[in-house]
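Protein chains: 2
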Amino acid sequence: MTEDHLLDPRLESDTLALGETALCSVRLARDGRWPWIILVPKRADVTELHELPAADLSLLITEIALVSETLKRSTGCLKVNVAAIGNLVRQLHVHVVARDEDDAAWPGPIWGVGTPELRSNTSLPEFASEVQQALSLAPPG
Amino acid sequence: MTEDHLLDPRLESDTLALGETALCSVRLARDGRWPWIILVPKRADVTELHELPAADLSLLITEIALVSETLKRSTGCLKVNVAAIGNLVRQLHVHVVARDEDDAAWPGPIWGVGTPELRSNTSLPEFASEVQQALSLAPPG
Numbered sequence: 001m002t003e004d005h006l007l008d009p010r011l012e013s014d015t016l017a018l019g020e021t022a023l024c025s026v027r028l029a030r031d032g033r034w035p036w037i038i039l040v041p042k043r044a045d046v047t048e049l050h051e052l053p054a055a056d057l058s059l060l061i062t063e064i065a066l067v068s069e070t071l072k073r074s075t076g077c078l079k080v081n082v083a084a085i086g087n088l089v090r091q092l093h094v095h096v097v098a099r100d101e102d103d104a105a106w107p108g109p110i111w112g113v114g115t116p117e118l119r120s121n122t123s124l125p126e127f128a129s130e131v132q133q134a135l136s137l138a139p140p141g
Numbered sequence: 001m002t003e004d005h006l007l008d009p010r011l012e013s014d015t016l017a018l019g020e021t022a023l024c025s026v027r028l029a030r031d032g033r034w035p036w037i038i039l040v041p042k043r044a045d046v047t048e049l050h051e052l053p054a055a056d057l058s059l060l061i062t063e064i065a066l067v068s069e070t071l072k073r074s075t076g077c078l079k080v081n082v083a084a085i086g087n088l089v090r091q092l093h094v095h096v097v098a099r100d101e102d103d104a105a106w107p108g109p110i111w112g113v114g115t116p117e118l119r120s121n122t123s124l125p126e127f128a129s130e131v132q133q134a135l136s137l138a139p140p141g
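Those sequence lines, one after another, are chains A and B. Residue numbering for the first sequence follows this note's numbering, starting at 1 and increasing by one per position. Residue numbering for the second sequence follows this note's numbering, starting at 1 and increasing by one per position.
Among the clues, some could well be false.
It does not matter which identical chain is meant; a pair holds if it fits inside one copy or across any two.
[As the list claims (entries may be wrong)] Heads up, simulated SDA-like pairs for lysine to any residue below, C-alpha to C-alpha not over 20 Å straight-line: (1) 72 <-> 6; (2) 72 <-> 87; (3) 72 <-> 91; (4) 72 <-> 125; (5) 72 <-> 48; (6) 42 <-> 126; (7) 42 <-> 72; (8) 72 <-> 10; (9) 72 <-> 45; (10) 72 <-> 51; (11) 72 <-> 53; (12) 72 <-> 52; (13) 72 <-> 137; (14) 72 <-> 46; (15) 72 <-> 89; (16) 72 <-> 115; (17) 42 <-> 11; (18) 72 <-> 108; (19) 72 <-> 54.
No lab work stands behind these hints: they were computed from the structure. Just so you know, these numbers come straight off a predicted model, no measurement behind them.
Let the sequences and hints guide you as you build the complete structure.
What follows is the structure in structure tokens.
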């Protein structure tokens with residue numbers, strides 16, 4: 001994250017930075033059970049979507065749609081799930097997750113299900129590289 | 001719904017119409033365990049957010065934020081959850097749900113949890129009336 005914005009410690013530990021847009025820190029979930037990207041608007045003390053100004057909301061939905069489209073194309077998934085929940089981690093963050101009928105939670109939601117299976121840190125999955133390209137991400141600082 | 005757009009039968013049976021914006025059919029979930037609004041873009045054959053054109057996405061996030069803000073103000077809830085999942089009902093629809101620590105699924109997501117407790121049809125809850133006002137809804141046709 002940029003120095004003027006702090007990432008919640010649990011988001012920090014559960015995700016890897018893919019880069020930053022003007023609005024968001026774009027993160028890959030360390031839990032490898034699903035292709036799973038998390039967008040974190042770099043705005044202090046925001047917990048709800050409606051607390052973002054209109055210009056930020058417009059940027060955010062554009063970035064959500066780009067990530068969704070990229071996940072679908074890259075993984076060939078059946079469905080993309082998009083959610084801003086934040087019951088446990090209150091800092092506003094948006095999940096974009098590729099879902100398939102043979103995945104670990106189908107057809108239910110993924111949050112709170114089972115035990116995370118952590119990705120190795122040695123190589124970025126292809127869908128994550130494609131998200132970096134689609135969003136023209138600045139590298140993590 | 002307008003005659004040029006068909007609502008998925010399960011959305012039809014699980015929700016009550018509150019009215020329509022230019023983009024969406026705005027629905028109240030019949031399951032009364034949570035204050036729960038569902039926005040259904042009146043666009044044929046759309047299952048993913050990224051299939052909507054930019055103008056529709058911009059309208060949609062504006063409406064989501066308005067519903068979120070209204071639910072929070074009206075119910076005094078701790079957190080609003082927003083999600084487009086659609087693993088079972090494929091027609092694109094966005095949930096906006098008021099959450100509290102004493103609710104039936106906290107802190108987990110609400111989808112697929114327990115057994116619905118249907119609202120009586122006799123009176124609209126206050127938050128639903130306030131959503132109608134906030135979105136200046138045209139009455140259900």
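Violating hint indices (sorted, rising): 1, 6, 7, 8, 16
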